[in-house]
Amino acid sequence: MSTPDPGRQPERTLLAWRRTALGLIANGALLLASGHGSSQVRTGLGIVVLVLSLGCWTAVSAVYRRTKGGAVHALGHQHVLRVAAGLVLVVGLFDLYAVITR
Amino acid sequence: MSEEEEPDYRFTLANERTYLAYLRTSLACYAGGLSAVQFLDLGPDRWPARIIGIVLVLTGIITTAGAFRRWQLNLSAIRRGGALPASRLPLMLGATIATVGLIGLLFSLWR
Numbered sequence: 001m002s003t004p005d006p007g008r009q010p011e012r013t014l015l016a017w018r019r020t021a022l023g024l025i026a027n028g029a030l031l032l033a034s035g036h037g038s039s040q041v042r043t044g045l046g047i048v049v050l051v052l053s054l055g056c057w058t059a060v061s062a063v064y065r066r067t068k069g070g071a072v073h074a075l076g077h078q079h080v081l082r083v084a085a086g087l088v089l090v091v092g093l094f095d096l097y098a099v100i101t102r
Numbered sequence: 001m002s003e004e005e006e007p008d009y010r011f012t013l014a015n016e017r018t019y020l021a022y023l024r025t026s027l028a029c030y031a032g033g034l035s036a037v038q039f040l041d042l043g044p045d046r047w048p049a050r051i052i053g054i055v056l057v058l059t060g061i062i063t064t065a066g067a068f069r070r071w072q073l074n075l076s077a078i079r080r081g082g083a084l085p086a087s088r089l090p091l092m093l094g095a096t097i098a099t100v101g102l103i104g105l106l107f108s109l110w111r
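Protein chains in written order, with the UniProt record's numbering: chain A, 1 to 102; chain B, 1 to 111.
Keep in mind the hints are simulated off the structure, nothing from the lab. Where is the CB? At the ideal position from N, CA and C, for every residue including glycine. Worth double-checking, as some hints may not be accurate.
To be verified - Quick list of simulated restraints, FRET-style, between CB atoms:
no. : chain 1 : residue 1 : chain 2 : residue 2 : range
1   : B       : Arg111    : A       : Leu54     : 24 to 30 Å
2   : B       : Arg79     : A       : Leu54     : 20 to 26 Å
3   : A       : Tyr97     : B       : Leu106    : 35 to 41 Å
4   : A       : His79     : B       : Asp45     : 43 to 49 Å
5   : A       : Val51     : B       : Thr18     : 24 to 30 Å
6   : B       : Pro90     : A       : Arg19     : 33 to 39 Å
7   : A       : Arg66     : B       : Leu84     : 27 to 33 Å
8   : A       : Arg65     : B       : Ser76     : 26 to 32 Å
9   : B       : Gln38     : A       : Arg12     : 20 to 26 Å
10  : B       : Asp41     : A       : His77     : 26 to 32 Å
11  : A       : Arg66     : B       : Phe107    : 49 to 55 Å
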């Protein structure tokens, strides 16, 4: 953007993405904790979620770094948001499994 | 279609942040549900904790789907320059969380 942005909107959006990734990481840690010693499946799911969340964090940061000062829409492409919803849904189904089998 | 136009990027970004806030709420619901079955020791066979956990995780799943739908509807409303559509998602979320909280409180007092 050529005009100054007093609201720092792209940066706030990146921080919102990072908070979401942190939420995913917390869920991975909880899944891991709920499976330890009692269920190898839950431990495995926890590790999968942790790896995916760390990937999400890295990808979001990389996209932002690449588009800094350029196209601010980069993070908001429809398919990126669809992937995010899919990731959260998958984590939800894992958590549902963990809650039922606990 | 000719009436649609690319909106001010700040509105798209704000819409995106709202969507992400809903996703975080879903994730918090999941975490609350998992924590309930993990740490609450209520009643015989821990069934209250399990019910609370299942309700919370299902609420999170519904919120995730609703958030995506809402993001799409808001975006098209912004592009058309129309009013943002009303949503029952916040009401559903608030009611569920309040109910689960009350039930949790009652069980803790009753024990």
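Right, here's what the structure says about each hint:
For Arg111 of chain B paired with Leu54 of chain A, a C-beta distance near 39 Å fails the hint of 24 to 30 Å. The supplied range of 20 to 26 Å is broken by Arg79 of chain B and Leu54 of chain A, whose beta-carbon atoms lie about 34 Å from each other. Here the CB-CB span from Tyr97 of chain A to Leu106 of chain B is close to 28 Å, at odds with the stated 35 to 41 Å. For the pair His79 of chain A and Asp45 of chain B, the beta carbons lie near 44 Å from each other, so the given range of 43 to 49 Å is met.
Val51 of chain A and Thr18 of chain B have their C-beta atoms about 28 Å apart, which keeps the hinted 24 to 30 Å range intact. Against the hinted window of 33 to 39 Å, the Cβ-Cβ separation of Pro90 of chain B and Arg19 of chain A comes to about 19 Å, which falls outside the hint. For the pair Arg66 of chain A and Leu84 of chain B, the beta carbons lie near 31 Å from each other, so the given range of 27 to 33 Å is met. Take Arg65 of chain A and Ser76 of chain B: their Cβ atoms lie about 30 Å apart, and the range 26 to 32 Å holds.
Gln38 of chain B and Arg12 of chain A have their C-beta atoms about 33 Å apart, which leaves the hinted 20 to 26 Å range violated. As the Cβ distance of Asp41 of chain B to His77 of chain A is approximately 46 Å, the hint placing it in 26 to 32 Å is violated. A beta carbon spacing of about 50 Å between Arg66 of chain A and Phe107 of chain B agrees with the range 49 to 55 Å that was offered as a hint.
Violated hints for the displayed structure, listed by number in ascending order: 1, 2, 3, 6, 9, 10.
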